[in-house]
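> Those sequence lines, one after another, are chains A and B. By my numbering, the letter at position 50 of the first sequence is numbered 50, and the numbering carries on one by one without gaps. By my numbering, the letter at position 282 of the second sequence is numbered 1282, and the numbering carries on one by one without gaps.
Treat each hint with caution, since some may be false.
As the list claims (entries may be wrong) - Part of the chain B face toward chain A, derived, beta carbon under 10 Å:
hint, residue
1, A1171
2, M1172
3, L1178
4, M1182
5, F1246
6, K1247
7, G1378
8, F1411
9, V1421
These are computed hints drawn from the structure, not numbers from a lab. Source: prediction; values computed, not measured. Built from N, CA and C at the ideal position, the CB exists for glycine as well.
What follows is the residue order along each chain.
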Amino acid sequence: MLTIRNPKDFFTGLLLLAISAVFAYGLFELPIGTAYKMGPGYFPMVLTIMLTACGLAILANGLLSDGEAVGTIPWRGLIIITVSVLLYGATLKGLGMVPALALTVFLSTFAGHGWDAKAAIGVTVVLVVACVAIFVKGLGLPLALFGPWVGGY
Amino acid sequence: MDIFSNLALGFEQALSLTNIWYCFIGVLLGTLIGVLPGLGPVATIAMLLPITFGLPPVTAMIMLAGIYYGAQYGGSTTAILVNLPGEPGSVVTALDGHQLARKGKAGFALFTAAVGSFFAGTVATFLIAGFAPPLANVALTFGPAEYFALMVLGLAAAVTLAHGSVIKAIAMITLGLLLGTMGQDLYTGAPRFTFGSNEFADGIDFTALAMGVFGIGEIIRNLESTEVREPIRSKLRDLIPTREEFKQIIMPVLRGTGIGSLLGILPGGGAVLGSFASYSIEKKLSKNPVPFGQGAIEGVAGPESANNAGAQTSFIPMLTLGIPSNPVMALMIGALIIQGIVPGPNVITEKPDLFWGVITSMWVGNAMLLILNLPLIGIWVRLMTVPYQLLFPAIIAVCCIGVYSLSNNPFDVYLMAIFGVIGYFLVKLDCEPAPLLLGFVIGKLLEEYLRRAMLLSRGDPMVFLQRPISATLLILTVIALVVVLLPSVRKKREEAFRE
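When you get a sec, could you build the whole thing from the sequences and use the hints?
So, in structure tokens, the structure goes:
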């Protein structure tokens, strides 16, 4: 029975093997060619093999040598931050910059500790105003402040 | 053209009103963000990268270089005053710098760091001006085989200098190279790894990757810790040292500059190696009655000079060979490519204004740092205490707006979010993301040179060993890798990184 003795290495190995598998799948549709006339798949194929080898070696190390635990992961913060960034991408075209940024910033504050709603709203307002002033007015980025979903254009 | 007419051309560029303005903005923004908690030079540059895309290439590079040494100086300031090095290069500065600050000599330590950095920056500027052109001339004779070998050596050096496991660093480089192959194939135009999606047709955007891994990923990581930052406020007024104190720092500054300049040129070098080497040398040579680790000024003067000298001479391989020696240079190369300039030995002859302008602007920027920072130190101290809670929503806002502005495509925002998560987990699993970035940046070039070399040799891989320069470089690569994998060296290396 194998036991995970070095969790950090074990999970690194798994992660690398999973990534290698995705690239290996992508390689199927690419002509490999020869060393003389390399096709589009040649170089990526070599790299995928290398990555798989690294993944296996690190995975083996995870089973054969002792090491540290991965440690706690701040899932709450991780998910909130990720979702708030994704939200900006998803709502920007529809809502326009001001509401989209406000949503993102407001949501992201929940990743921290000890915020009350008042402070969170305050930070949101300040940041949105500052960003509009710097990026839209100052640097002239072509961003609509309000999008079609909220009556803009 | 001799070196002086070249420098004159450079100063013409660097001292133009626009460029001086952007240099100033860069240095100011760099320092401003560098002193903020949790933001090192790489994250700072990645965050501000999109701002420079609308600028002409010379101005953009000048501004980015300004951000770089500004952020680095900001990192030293936090190291001294709060004992929290903002970037790896100033880890050793914190050792003695913070002790000095606790003894009420913060002003002296900051002065030493600023003056040492300025002196080192000046010397390094002349070194670049002197050494870069001949090096580029050598590089012009390189064929694809030599280039391939040089890049492999550069990547191997990155492996040996990465903290922690060697095999993980190799895995990260490989992953970076693989991610770099996504998008259209250079020769046939065939889509690679697009998985049927149009969004991947041009490959992964470099800025989205860098901002995700170094910006968003850092935020998630910083949420783990709840450190309290308390900078030392006492005696900032006594900035100017006594004559006796001044004498103490002269030799360490000179030595630090020498060591830093030399190590900065090496692929994989840059600022970090120099500052560590300088610290250990000063420790051995010190005649200071105050032991190291308890506030010896040499422990600030040497490493800080080495740090800055290395940061600047690391521009030499970037500007002449197009090879990044550290993640900051990888970002610079990415910026150049986005500006439509292929980094390499041709830059000096084809874009002399860019090359010399950037070099001379480094000196101008260093002078600005000196003038700017000594009076503004009070403001920096106050910024250091900004709670991270207030800061990270702002970083997220800037990253979101910046990454979207690249091509007005929401997909880049999604990519950044995904790379943020990936970057976080990689760090969590002790995989350094810096080699990944290096691999990603030079992946396309590496492949191109490999394919070209193999075409020229009709598929014979021996070509890399038959050409003397390429063979030498590859042998060096093998030696570098074998040495780090030797058990005895491995142990020492681990100890060195732990220190």
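> Give a verdict on every hint.
Checked hints:
1. A1171: Interface hint status for B/A1171: holds (4 Å vs cutoff 10 Å).
2. M1172: holds, 9 Å
3. L1178: holds, 5 Å
4. M1182: holds, 9 Å
5. F1246: violated, 41 Å
6. K1247: Hint violated; B/K1247 Cβ to chain A Cβ min 46 Å, cut 10 Å.
7. G1378: Violated, because the Cβ-Cβ distance from B/G1378 to chain A comes to roughly 23 Å (cut-off 10 Å).
8. F1411: Given a least distance of 7 Å, the restraint on B/F1411 holds.
9. V1421: OK, holds: B/V1421 within 10 Å of chain A, min 6 Å.
Consistency note: the structure conflicts with the earlier hints numbered 5, 6 and 7.
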